[in-house]
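Both chains are sitting in their own frames, so use the hints and assemble them into the complex.
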Amino acid sequence: MSDKVATRAAYGKTLVALGREDERIVVLDADLSGSTTTAEFAREFPQRFFNMGIAEANMMGVAAGLAASGKIPFASTFAIFATGRAFEQVRQSIAYPAFPVKIAATHAGVSVGADGASHQSIEDVALMRVIPGMTVICPCDAVETAGAVIAAARHDGPVYLRLGRHPVPVVMPKNHVFTLGRAERLRQGSDVVLLASGLMVSVCLEAADLLAQQGMSAEVINVSTIKPLDKAAILDAAKRCRAVVTAEEHSVIGGLGSAVAALLAQKCPTPLEMVGIQDRFGQSGDVPPLLEEYGLTPGAVVAAAERVIQGRCMN
Amino acid sequence: MDITTKTRLEKRAREMRRHILRMIAAAGSGHPGGSLSAADIMATLYFHVMRVDPQRPNWPLRDRFVLSKGHAAPVLYAALAECGFFPVEELTSLREFGSYLQGHPDYKQTAGVDASTGSLGQGLSIAVGMALAARLDAKDYRVFALLGDGELQEGQIWEAAMSAAHYRLGHLVALVDCNGLQIDGEVERVMSIAPLKEKWQAFGWYCLEVDGHAVDQIAHAIDEASTVRPTVILARTIKGRGVPFMEGRAEWHGKAPSSDQLQDALAALNKEDEDV
Ligand SMILES: Cc1ncc(C[n+]2csc(CCOP(=O)(O)OP(=O)(O)O)c2C)c(N)n1
Ligand SMILES: [Mg+2]
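As they're listed, the protein sequences go chains A and B.
Numbers in this note's numbering are just positions in the first sequence, counted from 1, shifted up by 827.
Numbers in this note's numbering are just positions in the second sequence, counted from 1, shifted up by 2.
Isolated chain B (complex conformation) (with noise of 0.2 Å):
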């Protein structure tokens, strides 16, 4: 990847982080930690990878996104609006009374929204059905998912691994948001996933592991992703991550920040800014 497009995509996922911050305040619940997290994920996708085409919401050769980890909705709300599905004013509506914004993704109200999700364990599967109906009408688009690590504990995640290599889905990458967090404290301390690697070679997946705040090293995931089998790619990252008092905290999952906090985490994602 070149520098420009770096920078470029840096500075999209700061912006990215900003919104999901000022959202999350404004609607006074939701879930930071998560979707800080993966704000350079979500920004390589949107703003590198996928076709899509905000005009049309439903264009059928777009490439598909579910967030099967659906409480991170302020960080695909926040790629939408950047995208310009929807008015990036809008965004501070999140959860309130009769929004478009709904706590978690709601596929019948919000333009860009492939998937109603917020129940973990339940997005890949649809991600499969996705990719199925593809190969079905011959269709080039592409499937990406984005699982929890905490939801990979969820039976029905493997039994979706299992179903997606089975029907050789070279056109389906799922994107694991590694932030070793979940709610009750570390993922490993509360329920073991590991060897996680391991669990998804032994389901037939091709594994990538990439740090998941570099976004040139996400892009190249992706276009190394196999074509004939499910890849997977593991993004190390840190939950709550640009926000100092907010990386690696378990309490910040599901908290707003208060106004003061807000003008903080602001301040600290400017500084970035202003450092590159």
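Just chain A, with the same shape it has in the complex (with noise of 0.2 Å):
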């Protein structure tokens, strides 16, 4: 595989470039702009970047006053501050007037790593997908992220751009062009899909590797938008294949599995298997002890697939 590339300094890049061809873009940090990576915008354009220090409520809010004026905000923090401290802001003064803040949070999930379950955020996907007209990305890797913070400022409405600390290897194709609400097969399977989102779609490559070896075959697709979520390629995969895996690093509950089981509960029933954070708080420890404690691990996956595919066939 190739080198690995946290998403979070594909975001810092890209938003550099963004700055020099639109001069409505405008970039909020809550005194983490070294780790968001936002420093580098700061850097260049000293002007539009504002530190409103350790205030994350406040920052929501002045980025909504932003772009009620004009502008294209981008507001950056650690994932559980951003959507967890300032949520009733988020919502209130920058979904429900529809407004284009872009909330572009790193450090989400339990690839935090040593900081502890204090600063992993395991509930933000549930928090902002549940806001009526917020649009939810998790991207895969390095260059996805590229795309999906180039399409975030281009929608015309508030984003939710879910990003990591920890370097993932780069799984999509350099030229790839990310389009908003698109999910991405992967690789073609039969026998299950395994839907995934963030650092566990090259898990679930991974994944779809050892399940070939053991003789069978895994679709795998990059459900990178999460809301408004990709219902006919979804439903399409469901119906192939006959057996889903969600696999996400997020609680199992409100994120990805959750969105969607109720899709196929209510559209093509399927039998589920989610691969996720099992309602429990995150905890110190290097990343790859964390991986394997929370189960979202290749290994992992592939007992998941096993299990409901097994399950499909006693139906």
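Calculated from the structure, these hints are not laboratory results.
Take these hints with a grain of salt, some might be off.
Examples of chain A residues lying across from chain B (beta carbon under 8 Å, computed) [unchecked claim]:
#, residue
1, G861
2, I881
3, R912
4, D1113
Some chain A residues flagged as far from chain B (calculated, every beta-carbon gap over 12 Å) [to be verified]:
#, residue
5, A953
6, R1069
7, P1096
The C-beta atom is built at its ideal place from N, Cα and C for all residues, glycine as well.
Now the structure itself:
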């Protein structure tokens, strides 16, 4: 696999490029500009960068005011503070008036590592997905992040971009064109479909290799836009494969798995297994043992695929 | 404060600084700057002021401590280990997978930790709740909270300040580690919080200012605290205090020293010991 790059790094770079093209782009941060990588934008466009200090709720309100006045604000901090601390400001001041504020939050999931539970957001997708009109994107790698940042800027409405701290493999082709709302099939298969977001996309590609060795054909789809969901692509795959596994670095409550479950239950009941964090908080540790502990590994995806295929046969 | 007590507390603070550096170096990540700046405050609290018993971490009458600036967990763990809440040898398991010494304080896992913190701005509210409960239960414990100066940018701090004054919490003492730095640089450049003393006073608090590295001044200020309204002590400190190459440098907010840097840092602290 190619070199690993954190999605947050691709965010900072793309933001600078966007800033050169479009004067309306403004960036806000809450004393984490090095970690979120907005510092790169701040260096090149100091007058369009606002460090709001450690005051996330105010930052979201200020972003709303900037958007109300014709700007396209990107507001960044860690995912738990962007969506948790400032939830109601995002809902009321940004989403209700449908302002084009782009909440680009880094350090999502347990792959934050040693900082531990207080900094590991496993609820942010649920919190943002439930807000009417909010678009939710969780890119799988640096290439897709670059495309998603540009698409978010062009989208006329609020967007939540979920980014990671930890370097992840690049799985999308270099020339990939990101299309908001489109799930991308990365691998064709017929026995089971693996629907993944974020760092679980590369994990599912590895799982598909392992399944192939066992004679099982797994399709892999990158569902980076979690809302609005690409219903057509998901229903098509579910009908063909008749067994579904979702995989996300997030609680199984309220995230990608929940979104897919609701869709399938209503339109095409299909055996489903959800790989994700099982209603627990995170904890300190290096990333590999954490992914192992929370069942976010190729092996865990393989086990889920075996269970769901077996369940289908028993029906 | 008599000279023996002063010398004893200063020695304890240096020992805590050594622990802080060793455990962060062992973890390979963590927050040395704001842990070192708070070492003298924490030594004074845990070894001179607070009523705690390491044999009874849940003793109902113990004084409570809330580390609102939770990223300074190493200084809290160093104090608790030195007190005997858990073995000093365990400190180097900081941030390891499965360790009870989590990256940020975890109330459920660590003996002596009274509040789960790490998300800035929330600790003072928890302290207010503890102080209200003391009154409700007619218990005479006191509540202490340590805040960062950057942390004061959070609106919730001022909501907590308002409520503490409203309820006249004379058994609540907040200490602010005024090291002048946050992650992105100087507090006054990132987002000004001045004038601090006037702000706290306007919120109804009794406000004192001390040198946050002078254990006698810290202890004296706590003695002077009001008993009829909440008291805040603005402790002027140096971020990274005790380690020359870390002092006053924002880049040492959240970075582990290499093994060579650790040796240099420990040598500087040992020299301070000898100079006494
Ligand atoms: C709500 C929240 N926002 C952001 C952070 C990330 N963060 C950790 S420490 C820190 C800077 C703290 O500065 P200060 O309060 O002055 O602490 P000190 O200088 O004593 O380390 C920030 C922004 C956090 N932990 N919580
Ligand atoms: Mg500070």
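For this session: Could you check that no beta carbon of chain B comes within 12 Å of the beta carbon of A953/A?
Result: holds, 18 Å
Exercise. Can we confirm that no CB of chain B comes within 12 Å of the CB of P1096/A?
Worked result: holds, 39 Å
Exercise. Close enough to count: is the Cβ of R912/A nearer than 8 Å to one in chain B?
Worked result: holds, 7 Å
For this session: Could you check that no beta carbon of chain B comes within 12 Å of the beta carbon of R1069/A?
Result: holds, 38 Å
Exercise. Once the shortest beta carbon distance from I881/A to chain B is found, is it less than 8 Å?
Worked result: The hint holds - I881/A has a Cβ within 8 Å of chain B, the shortest such distance being about 4 Å.
Problem set entry | chain B contact restraint for D1113/A - C-beta distance below 8 Å | At 6 Å from the nearest chain B Cβ, D1113/A passes the 8 Å test, so the hint holds.
Exercise. Should the interface hint for G861/A be scored as holding, given a Cβ-Cβ cut-off of 8 Å against chain B?
Worked result: Holds: closest Cβ of chain B sits about 7 Å from G861/A, inside 8 Å.
When each numbered hint is compared with the structure, no violation occurs for any of them.
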